Each structure stands twice: as C-alpha cells, then as structure tokens.
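Novice: The primary structure of each chain is shown beneath.
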Amino acid sequence: MAESHATAVHAEHDHKPHGWRRWVFATNHKDIGTMYLILSGFMFFVGGTAAMAIRAQLFKSGMKLFDPAMFNSLTTMHGLIMIFGAIMPSWVGLANWMIPLQVGAPDMALPRLNNLSFWILPFAFCLLIGSFFVPGGAPAGGWTMYPPLLQQFGASFPMLIFAIHLMGISSILGAINVVVTIMNLRAPGMSLLRMPLFVWTWLITAYLLIAVMPVLAGAVTMQLTDHFFGTSFFNAAGGGDPVLFMHVFWFFGHPEVYILILPAFGVISEIIPTFSRKPLFGYEAMVYATASIAFLSFIVWGHHMFTVGMPVAAQLFFMLSTMLIAVPTGVKVFNWVATMWRGSLSFEPPMLFAVAFLFLFSIGGFSGLMLALVPADYQYHGTYFVVAHFHYVLVPGAVFAIMGAVYYWLPKWTGRMYDMSLAKWHFWLSVIFVNVLFFPMHFLGLAGMPRRIPDYAPQFTDWNMVASIGGFIFGASQLLFPYIIWKCVRSGKPVEANSPWDGAHGLEWELPSPAPYHSWQTPPSAAVLAHGAEH
Amino acid sequence: MKRARLGRLLGTLALAFAGGSMPAWGKSGWDELNMMHGVTNVSTRIYALHMMAFWVCVCIAAVVFGVMIWSLIFHRQSRGAVPDVSLTHSTKVEVVWTAVPVLILVGMAVPAARLLVKINNNTDSQLSIRVTGFQWGWRYQYVGSNVSIISKLSESSTAASMMHSGISPTSVPHYLLSVDHQLVVPVGEKIRLLITSIDVIHSWWVPDLGVKKDAIPGYINQASFTIAPNKPGTYRGQCTELCGRGHAYMPIVVHAVTPAAFEAWLKQKSAAQSEAAAHAPAAAAASS
Numbered sequence: 001m002a003e004s005h006a007t008a009v010h011a012e013h014d015h016k017p018h019g020w021r022r023w024v025f026a027t028n029h030k031d032i033g034t035m036y037l038i039l040s041g042f043m044f045f046v047g048g049t050a051a052m053a054i055r056a057q058l059f060k061s062g063m064k065l066f067d068p069a070m071f072n073s074l075t076t077m078h079g080l081i082m083i084f085g086a087i088m089p090s091w092v093g094l095a096n097w098m099i100p101l102q103v104g105a106p107d108m109a110l111p112r113l114n115n116l117s118f119w120i121l122p123f124a125f126c127l128l129i130g131s132f133f134v135p136g137g138a139p140a141g142g143w144t145m146y147p148p149l150l151q152q153f154g155a156s157f158p159m160l161i162f163a164i165h166l167m168g169i170s171s172i173l174g175a176i177n178v179v180v181t182i183m184n185l186r187a188p189g190m191s192l193l194r195m196p197l198f199v200w201t202w203l204i205t206a207y208l209l210i211a212v213m214p215v216l217a218g219a220v221t222m223q224l225t226d227h228f229f230g231t232s233f234f235n236a237a238g239g240g241d242p243v244l245f246m247h248v249f250w251f252f253g254h255p256e257v258y259i260l261i262l263p264a265f266g267v268i269s270e271i272i273p274t275f276s277r278k279p280l281f282g283y284e285a286m287v288y289a290t291a292s293i294a295f296l297s298f299i300v301w302g303h304h305m306f307t308v309g310m311p312v313a314a315q316l317f318f319m320l321s322t323m324l325i326a327v328p329t330g331v332k333v334f335n336w337v338a339t340m341w342r343g344s345l346s347f348e349p350p351m352l353f354a355v356a357f358l359f360l361f362s363i364g365g366f367s368g369l370m371l372a373l374v375p376a377d378y379q380y381h382g383t384y385f386v387v388a389h390f391h392y393v394l395v396p397g398a399v400f401a402i403m404g405a406v407y408y409w410l411p412k413w414t415g416r417m418y419d420m421s422l423a424k425w426h427f428w429l430s431v432i433f434v435n436v437l438f439f440p441m442h443f444l445g446l447a448g449m450p451r452r453i454p455d456y457a458p459q460f461t462d463w464n465m466v467a468s469i470g471g472f473i474f475g476a477s478q479l480l481f482p483y484i485i486w487k488c489v490r491s492g493k494p495v496e497a498n499s500p501w502d503g504a505h506g507l508e509w510e511l512p513s514p515a516p517y518h519s520w521q522t523p524p525s526a527a528v529l530a531h532g533a534e535h
Numbered sequence: 536m537k538r539a540r541l542g543r544l545l546g547t548l549a550l551a552f553a554g555g556s557m558p559a560w561g562k563s564g565w566d567e568l569n570m571m572h573g574v575t576n577v578s579t580r581i582y583a584l585h586m587m588a589f590w591v592c593v594c595i596a597a598v599v600f601g602v603m604i605w606s607l608i609f610h611r612q613s614r615g616a617v618p619d620v621s622l623t624h625s626t627k628v629e630v631v632w633t634a635v636p637v638l639i640l641v642g643m644a645v646p647a648a649r650l651l652v653k654i655n656n657n658t659d660s661q662l663s664i665r666v667t668g669f670q671w672g673w674r675y676q677y678v679g680s681n682v683s684i685i686s687k688l689s690e691s692s693t694a695a696s697m698m699h700s701g702i703s704p705t706s707v708p709h710y711l712l713s714v715d716h717q718l719v720v721p722v723g724e725k726i727r728l729l730i731t732s733i734d735v736i737h738s739w740w741v742p743d744l745g746v747k748k749d750a751i752p753g754y755i756n757q758a759s760f761t762i763a764p765n766k767p768g769t770y771r772g773q774c775t776e777l778c779g780r781g782h783a784y785m786p787i788v789v790h791a792v793t794p795a796a797f798e799a800w801l802k803q804k805s806a807a808q809s810e811a812a813a814h815a816p817a818a819a820a821a822s823s
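Chain order of the listed sequences is A and B.
Quick note on the numbering used here: the first sequence kicks off at 1 and runs consecutively.
Quick note on the numbering used here: the second sequence kicks off at 536 and runs consecutively.
In short, the hints are calculated from the structure, not lab data.
Be a bit skeptical, because a hint or two may be false.
[Claimed, not checked] Far from chain B, by Cβ distances over 12 Å, these chain A residues were calculated:
#1 A376
#2 P458
#3 V489
#4 E496
[To be verified] Computed cross-link-like contacts, DSS-like style, restricted to lysine-lysine with a CA-CA straight-line distance of at most 30 Å:
#5 K424(A) with K16(A)
#6 K487(A) with K16(A)
#7 K627(B) with K725(B)
#8 K687(B) with K60(A)
#9 K804(B) with K766(B)
#10 K64(A) with K687(B)
Please read all numbers here as calculations on a predicted model, not as lab measurements.
All C-beta atoms, glycine included, are put in the ideal place defined by N, C-alpha and C.
Let the hints inform the model, and build the full structure from the sequences given.
Specialist: Okay, here's the thing in structure tokens:
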C-alpha cells in the first residue's frame, strides 16, 4: 500500500528536462514515440502532396502540369517517402509507445540508442527531400532504384544513397532496441506465448529489419561504387549484371513489405477482440501464421521479376512459394473473422478502421494471389493492376491500421478522448474515397495502362478522372486526422478510467490515463498481470 | 440482306462483349474494365487463367465477407448480442482452414504451371526478330535478312505530347500508341523475339499478343507468339519498365498481315534497304 502510494506521488513529479532539451536529449520511450509519430505524420503529408500532384497530372490524357522528368521524380519520391518516411517510422513510434507498456517494462532497453535512431531520421529526410533542389532534380528512377537508369541521375544520386543508408541505420538500431526490450524486459510471468499480438508481430518485424536492411545498404553501396569508383557490379558493359541488382533489391524488398504490414496485423489483433468483447480466436495459430509469413517472405522475391527472363524452374518455384503465403495470411483473416463471430460488436473509430482493414486488405490479398500466377502476371506486371494491388494492401492495409492504432491508444497517451463523431467522419470519408481512388486502377491496368507514365492514351481518361477525384477527396479528408488529434490534446474530455474501452485487455490498460511519464518502474505484479490478461 | 445485317450486329455485339478481338485501344471510356483476350493462343489462355483466378477470388470473398457481414449485422452490441467468450480456439477449424486453401491453390497452380511451361517454349519458330530497346524507341532486325526498322513515337503524337502543344490528344489518331515505322509480322507463324537493350532496362509489351519481356542490357531474352491466322490487324502496346523521361513515349505497334503479304513486304523492304546501303557509301565518299 505504502509502496503504491509512493509510486503515485513519484508519478506526479516526473523528472523530465523542460524545453528543447526534453526532445533533443530524449531517452524516454514515450517522448521518442511521440516524436516518431509526429515526424511520420508530417512525412505522410509530404508524400501525400506528391501523390496529389501525380493525380493532378493524370487527371486527363494530354494534361501537362509537369515535365515528364519531374513527374518521374514525384512518383519516385512519393514511394520512398511513404515507405521510409511515413509508414516505417510510424510503426517504430507505436512500438516505442506501446511495447514497454504492453510488456510491463519501464522503458525501451537501450534508451540512448533510441534517441540516436530517431534523430538520424530528420537528417535522412532532409537529404532525400533536399534532392528536389539540386541540379537535375530529385531521383527519378522509381523507388526500386534499378540500374542502369538510376546511374543517369546527377547530384541527387549520392544524396539518395546516403539517405537510404541513414534510414537503414535508423531502422536497424530501432529493431535491435525492440528485440532487446522484448527479450529482456518482459514482466515476470509474461512468457513469449502470453505476449500481446502487437508485441509478437513487432518482434518478428524487428528480425526482418535486421536481416534485410543491410542487404539494401549493400545493394545501393554497390551502385555508389559503380557510379563513382569505376566498379561494374551492375554495369553490363564492364561484365556486371543489372539483374543482380533486382535480385538483391527484392531480397530486401519483399521482406520489406511484410515489415510494413506485420505490425498492422498486430494492431488489428488488438482492436478486434476489444470491440468484439471476446478474446482473439486462435492466438497461437496467429503467432505461428505470422512467423510463417515472415519465413516465406524471404523466398518469394522473384515474383517481382517474372518478366526479366528467369529460367522456367525459378519462375515456377517463385510462383508456388508466393501462392503458399496465401495460406498463413488466410489463417489470419479467418481467425479475425472468427473473433468477431458471436461477439458483441460495437463500432468506435478504431473498430471501424479495423473492419475496413479486413475487407480491403483481403481485396489486396486477392489481387496478390492473381499476380502470383506467372502467366497472368505477364499481363499484369508493370501496369496499374500492380499499383492497385499494393495500394490496397498499404493504404487501407497499413495506413488504416496505423490510424486505427492511434484512435485506439490516443486516450491512453493523452488521458483525453477525441471527438468521436469527427473521427467517424474521417473514417467514412477515407473508406469511401480510398476505393474511388484505387479500385478503378484495377480496370486501368487490365485494359493496358502501364504504371509510372506521365501521360496516357485517351481511352484511359474516364477511370483516371475517377481515381483522381477520389484521390483529391481522400487526400483532403486526411487533414481531419491531425486536427482531431490536436483538438484531443488541447481540449479533449478527460478519460477517468484506466481504459475508455470496456472490452480492452492488456497491461497498458492497467495504467492510469494518461500513462505516467515513467511507467512500470516496478514490474507489474502477478495479480496485475493476471487482471490484464483476463477476459 | 436483313439477316446479314442482323448477323453483323450480333457479331459486333459479341465482340464488344468479349472485348478482346476488337483492339481495346481506340475505344473510349467506361468499358475499359478487363484484360483483353488477345489474338494468340497464349493470350486467350492467359485470359482464361485470369478469369478463373478472378472467380475463385470472388467465391472465397463471398464466403469470408459473408460471414463477416453476418457478424457485423447480427452480433452487434446494440442488438443485445452477448459475446460467447468460450470461443477461443479450435485446432479442428484451424486445420480445416489451412488445408482447404491449400487444395484451392493446387487447383490454381496446375493450369498456371502448364501454361507457364508452354509460354516459355521458344523452339520451332519460323521467324526470328531481334528487338533492341533504347531511350526512347525500339529497333527491329529480321534475322536472316538485312531489314532493320527503327520504330519511334509517331510525329503527330510527339507534337501533341510536347509541353504547351495545345493539341488535343483526342484529335490525334492513337495518341501515344502510334509509331512512325510499325513492326510487320505474318499471321499463323511462330515468331521468336530476341530482346535486348543498349542503355537502360525497357520492357516490350503487346497485351493482345500476351507477350511482355524485359529488354536488359547484357542479356538476350526470348519470347514468342503465334497470331491466329484469321486475326490480321494492328496491335498496340507500350514499354512497361520505367526507362527515364521518355518512358511513356515509346509505344510498340505490331502490324500482322498474311504470310504472302509479309513475304512481299520483306522483299520490297530488303531491296529498298540494300539500295539505300549502296548509295550511302557513295554519298559519304562524295561529301568527304
């Protein structure tokens, strides 16, 4: 009793530096998590601005707002910024905030490393975005950076490579921190198979990051030496091989797409049980399915390059391994559906985003299955069908999961409730217009429109107009998101209970709201652990 | 007479419905929804595979989304649904929903693998053409003949595509899909393409032929197609691998004619090119 009183008093006098020192020298996982989330939110709007410019250029055939080279820069930077600037850092931010709270740890295991891994990022992004302002403009070879095309860009080329290096270092450091925290700082009694699914999926994601970010760094470094030091790794004229880069890049690139989506699986596995008021169905199957997906992600990279002329046996192998991923992914979807089955569902904003995730991510999964069939891929590859596919898994997939996570945990972070009806407006506008934006792209791709083109034949105009209008409204409605958060922080109604959600379980909901600056300084007792896990 | 017209109308309707054999390019608008059948055996089989995969996905979606929608409607708190918290796991259903998808996948993989092996068989071709991608256009060389064609975006499209051109794309025939010199091929013969590039990676795609293959410096990739004998016509496609600022401006146009017409064209072209070659050194000598 006396001990808990002392903890409470302590919590009121959080020792924290004030002013800029609090942020620049930050070692607190909550501060660093907040900085990650704000930075990624900012980058989401930067990448979104590029997307709006792209959709404006593609509004109709013959539209010429941008020079083709500038258009290529916009698509390249949109991809790089959204992947490395928006989605990845927002997952790291959520990991920072939630993993210590969920496993009963006082902080991340390596707080100073944590500070470094965050503060690398603004510099990386400055290099990346700064490349727009150097002679020759920003890189315009696509986010996949294939040589020899990438070798044709001037001053922006080394900037891109070093930005990739920095973002890679940041990701590796962040991933090491996640692994060490989860492995060493779990509350006594929390065995691996009692961890929340968000922690599980992040643990697996962290291993993927550690495995593949160095591969990307190696691939781009070889391009750097090809460009400046006369090597010929990828230069056919010097005995090198441009296809080698594709293999190495996609050996990184495919696990990378699971780095973007596995934490989303974790978030959905937290939200759906809460608002179904039922425990997650098939917890262990979910863990094993996630691990299987991660393993398979290393042996499917060839499906990004079915048209480069691989031997038939290799194409067959990559087709079959890719189709196999549908099995554990299906298991996950079926378990979520079974969680909702015979539950008691309510539709607060986090649940709305989670349900939309289930439907729309599945659509992205279906087109993924179609793309796995090599003969069909010969027609789909490099067209808007592919663009539709990966935007379905990344926007109503990863991005919706991030928004759902923010709406789920925001009351815990701020101790305040956000404007529920505005958040529902945000949801409905997003879910309607994300489909208006991306669904017609399936049609465009099947009808023969290649991706990454600044202008197209007139018969593609109608569906492009629809997509552009959907894009503009989707983009504009995202402005609601920062406004809702700002309004919540400023003047949201205080949340009295530990948890605003009656169906929520887990250690984070055993803490007061807002979560104290220093939490779990003593590990949760067995009783607290049991209460947190109880259903 | 009346019957003939009716027959033609029905034929047109059927074609429009099938969407394939009428080149989809050039039509405008909302009916551009699906993959084209194309004019080769391979492209037709790809279309069938695509539709099979599509309907499999639709069926799975109907079941999964059906259960979800059922829960969303009938298992909601506002209707007084009480959660059944005993429903936490079942090894039996996990096994079922692992095994059933495996069976479905095997059912899809078998026809896909068969077709894949067929497509990649480039033997027994009657004509080989070397295709070389460059920034930004294509060069075609007929193997066993001196005929060589440089194929670039047509002048009318080039003019209309310029910044501030003021030319409406709809006023240009086949805007961005027409070239100055078409690739001419015979119908009914198996044609093998030997594809490479001299600068960056390009990709040679004609949807109606069911052929897409990357043109990569240092590599010679093979692809082949046989256009159905009753399908002479003009088939259009585009480069599908980002290759710089001219990526959207290097279309592919294949003009398929009868074998007899092809032989005549090749002979005439060959004679014209030998003549040009014979004149060229003389002209060069005269100018120096």
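Novice: Hints the structure violates: just list their numbers, smallest first.
Specialist: 1, 2, 5, 7
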